[in-house]
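Work the whole structure out from these sequences, hints included.
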Amino acid sequence: MDFLMWLSNGNSMPFIPIFALVFLGILSFLYFRAFGGLLGQISGPFDARFSRLWMIQHSWQGNMHKRMLELRKRYENHVRTGPNEVSVADLSAIKKIYTAGTKFSKSIRYGLFQGHRKFDLSAERNECIHSSQRRLVSQIYSMEALKDLEQYVDDAVVHFSRKMQDRLG
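Position 11, counted from 1, in the sequence shown is what our numbering calls 3; the numbers after and before it change by one each time, with no gaps.
Honestly, the hints are just simulated from the structure, not real lab data. Heads up, some of the hints might be wrong.
Ranges between beta-carbon positions, derived for each pair [said to hold, decoys possible]:
#1 15 - 44: 19 to 27 Å
#2 39 - 11: 20 to 28 Å
#3 91 - 32: 23 to 31 Å
#4 19 - 115: 21 to 29 Å
#5 124 - 87: 20 to 28 Å
#6 127 - 11: 52 to 60 Å
#7 111 - 89: 20 to 28 Å
#8 15 - 67: 17 to 25 Å
#9 118 - 13: 17 to 25 Å
#10 56 - 147: 22 to 30 Å
#11 39 - 155: 43 to 51 Å
#12 131 - 67: 40 to 48 Å
#13 59 - 13: 36 to 44 Å
Calculated cross-link-like contacts (lysine to any residue; reagent style SDA-like; alpha-carbon spacing at most 25 Å) [unchecked claim]:
#14 88 - 123
#15 87 - 117
#16 95 - 76
#17 95 - 34
#18 88 - 75
#19 88 - 35
#20 58 - 95
#21 139 - 117
#22 88 - 119
#23 87 - 22
#24 88 - 33
#25 139 - 119
#26 139 - 120
Small disclaimer: the values here were computed from a predicted structure and weren't measured. All residues carry an ideal CB built from backbone N, CA and C; glycine is no exception.
Right, here's the structure in full:
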């Protein structure tokens, strides 16, 4: 209560510079987040520079797939989709992005595919866990092991083709 009395007596002047500094700090942070650094050079929807709310809006409306196609036509291969997120549709960048040991990490959305499974090689975001899991299964995906399964794959393809032909009539 004494503090409010002190403020009401006109003693709020010392707080003005503090509020101004905090306001300038927040403004500087938002400006750098939107336009600074390497991500600042990548084009995309303006509001994507500050939040991912635009994605939520288009997902809710059910037209996110159309919106992403529009953005691809407008901005081409690299589209900024969030404050710290870029959608890449460049074939030459795939190896650079998805090779093990790169500085690019998988998006948090990969966790949606993993669910509650403890072992999911494709959705694992932690590089150390991914590497150890990959070592566990690397033998079964070797070329020699895959050659042994080729006949089964061929049979499944033939069976699938027959079923599709039956449905067509």
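Comparing the hints with the structure gives:
no.: 1; hint: 15 - 44: 19 to 27 Å; in the structure: holds, 24 Å
no.: 2; hint: 39 - 11: 20 to 28 Å; in the structure: holds, 26 Å
no.: 3; hint: 91 - 32: 23 to 31 Å; in the structure: holds, 26 Å
no.: 4; hint: 19 - 115: 21 to 29 Å; in the structure: violated, 38 Å
no.: 5; hint: 124 - 87: 20 to 28 Å; in the structure: holds, 22 Å
no.: 6; hint: 127 - 11: 52 to 60 Å; in the structure: holds, 55 Å
no.: 7; hint: 111 - 89: 20 to 28 Å; in the structure: holds, 23 Å
no.: 8; hint: 15 - 67: 17 to 25 Å; in the structure: violated, 32 Å
no.: 9; hint: 118 - 13: 17 to 25 Å; in the structure: violated, 39 Å
no.: 10; hint: 56 - 147: 22 to 30 Å; in the structure: violated, 39 Å
no.: 11; hint: 39 - 155: 43 to 51 Å; in the structure: holds, 47 Å
no.: 12; hint: 131 - 67: 40 to 48 Å; in the structure: holds, 43 Å
no.: 13; hint: 59 - 13: 36 to 44 Å; in the structure: holds, 39 Å
no.: 14; hint: 88 - 123; in the structure: holds, 17 Å
no.: 15; hint: 87 - 117; in the structure: holds, 17 Å
no.: 16; hint: 95 - 76; in the structure: holds, 14 Å
no.: 17; hint: 95 - 34; in the structure: holds, 18 Å
no.: 18; hint: 88 - 75; in the structure: holds, 21 Å
no.: 19; hint: 88 - 35; in the structure: holds, 20 Å
no.: 20; hint: 58 - 95; in the structure: violated, 30 Å
no.: 21; hint: 139 - 117; in the structure: violated, 30 Å
no.: 22; hint: 88 - 119; in the structure: holds, 15 Å
no.: 23; hint: 87 - 22; in the structure: violated, 32 Å
no.: 24; hint: 88 - 33; in the structure: holds, 19 Å
no.: 25; hint: 139 - 119; in the structure: violated, 29 Å
no.: 26; hint: 139 - 120; in the structure: violated, 29 Å
The structure shown violates the earlier hints numbered 4, 8, 9, 10, 20, 21, 23, 25, 26.
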